[in-house]
Amino acid sequence: GTGTCDFQWLSSQTPTVSAVSQNSMTLTITGTGFSTTTNANKVIIGTSGSCTVTSATTTQIICTISAAPSGTYNVQVNVDGKGLASAISSFSVTIPLQVTSISPLQGGAGGGYTLNITGTGFSSSSSSSVTIDGNLCTSPVVSDFSLISCTVPLTTALSNTQVDVIVTSGSNTTTSLTQFTYDVTNTPSLTSASPNVVTMSGGQLTLTGTSFGSGAISVFIGTTTAIVRSITSTQIIAALPSLAPGLYQIKVSTANGYARPALQIEYRFYVQTISPQIGSLYGGSDVYVQGEGFDNTTIVSFTDGSNDVSCDVVSYQSNQIYCQTKNAAPHVIISSNGVHPTYGSG
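For the sequence shown, the working numbering gives the first residue as 3, with consecutive numbering after it.
None of these hints come from the bench; they were simulated from the model. For every residue, glycine included, the Cβ atom is placed at its ideal position computed from N, Cα and C. Fair warning: there could be bad hints in the mix.
Restraint-style ranges between C-beta atoms, simulated for each label pair [stated by the list, open to error]:
hint : residue 1 : residue 2 : range
1    : L179      : G83       : 22 to 32 Å
2    : T54       : A257      : 29 to 39 Å
3    : T49       : T140      : 41 to 51 Å
4    : G83       : T56       : 12 to 22 Å
5    : S220      : T60       : 57 to 67 Å
All chains should be modelled from the sequences, with the hints used to inform the complete structure.
Put into structure tokens, the structure is as follows:
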């Protein structure tokens with residue numbers, strides 16, 4: 003079956019907006035027909051921005067702009083149970099791009115820690131960027147258009163330095179009134195890494211330097227974590243991970259950021275010569291393999307593409323392996339179906 007329901011539009015039930023005034027991020031909206039229940043009034047900034055209502059009477063709403071990127075937007079009011087308010091004209095507000103605070107105010111010169119920037123009018127993470135002393139603060143994440151978190155870059159400054167923090171959001175740019183200080187004095191430093199050449203299986207790494215502190219320390223070989231075994235203010239001992247041959251940066255992360263400078267370590271493995279290159283099919287040949295990166299995990303074998311023959315390691319050094327070949331001769335089976343007059347069947 004079908005039914006019919008009536009609905010009326012009544013001007014007496016339509017809220018109105020007669021004025022909107024802005025004081026920084028606070029709006030005062032004057033009109034009629036508003037709800038005295040604070041959260042029953044929705045103030046819409048543009049198409050998706052919001053303004054948190056802090057007080058309301060039937061003729062006035064006060065709200066704080068809480069979520070919208072910088073720009074100029076129309077203001078609308080929606081009252082629960084009544085709908086959108088009418089307006090004698092189009093009212094708009096301007097949301098500035100501004101930085102109100104940064105935290106922390108200072109940090110180590112090696113960078114690598116998070117800077118939180120509070121303000122207004124920040125746009126999405128993909129269209130926002132931050133520079134500190136002209137260098138990108140990486141991986142910016144924007145929350146509620148009012149907070150940007152990013153990773154502080156390192157500086158080459160040799161003394162404590164105050165630098166500008168600049169935020170770009172869309173086509174707008176603003177500079178923090180408060181500068182950020184690179185604290186070189188308390189920045190951890192790396193002076194040596196031993197050894198600086200290792201095999202693919204890793205081993206133990208000893209780092210010396212200053213101001214490592216006693217807090218949480220992380221050591222990275224490239225992007226791979228090395229397990230820290232012991233820490234003092236001037237020495238770190240870590241277990242190196244197994245990695246493919248190559249040159250890797252050693253990075254030490256402390257409570258005050260990364261240590262400077264980032265040292266390097268080389269993982270080596272290659273074969274240079276094999277002597278002799280000819281031996282018995284039945285094994286027992288002494289073979290010497292010259293190269294780099296050998297250790298107690300190194301295995302030697304020979305292959306023709308379809309068959310593998312091992313060479314048992316007798317001794318090794320990082321640049322030489324001495325091994326003895328195994329039997330490589332094929333098994334030969336001789337059979338006969340004939341019958342000998344004296345010895346019988348073969």
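Hints, verified against the model:
For L179 and G83, the Cβ-Cβ distance of about 44 Å falls outside the hinted range of 22 to 32 Å, so the restraint is violated. At about 36 Å, the CB distance of T54 to A257 agrees with the hint of 29 to 39 Å. Between T49 and T140 the Cβ separation comes to about 31 Å, which falls outside the hinted range of 41 to 51 Å. A C-beta distance of roughly 21 Å is found between G83 and T56, which places it inside the suggested range of 12 to 22 Å.
The hinted window of 57 to 67 Å between S220 and T60 holds, with their beta carbons roughly 59 Å apart.
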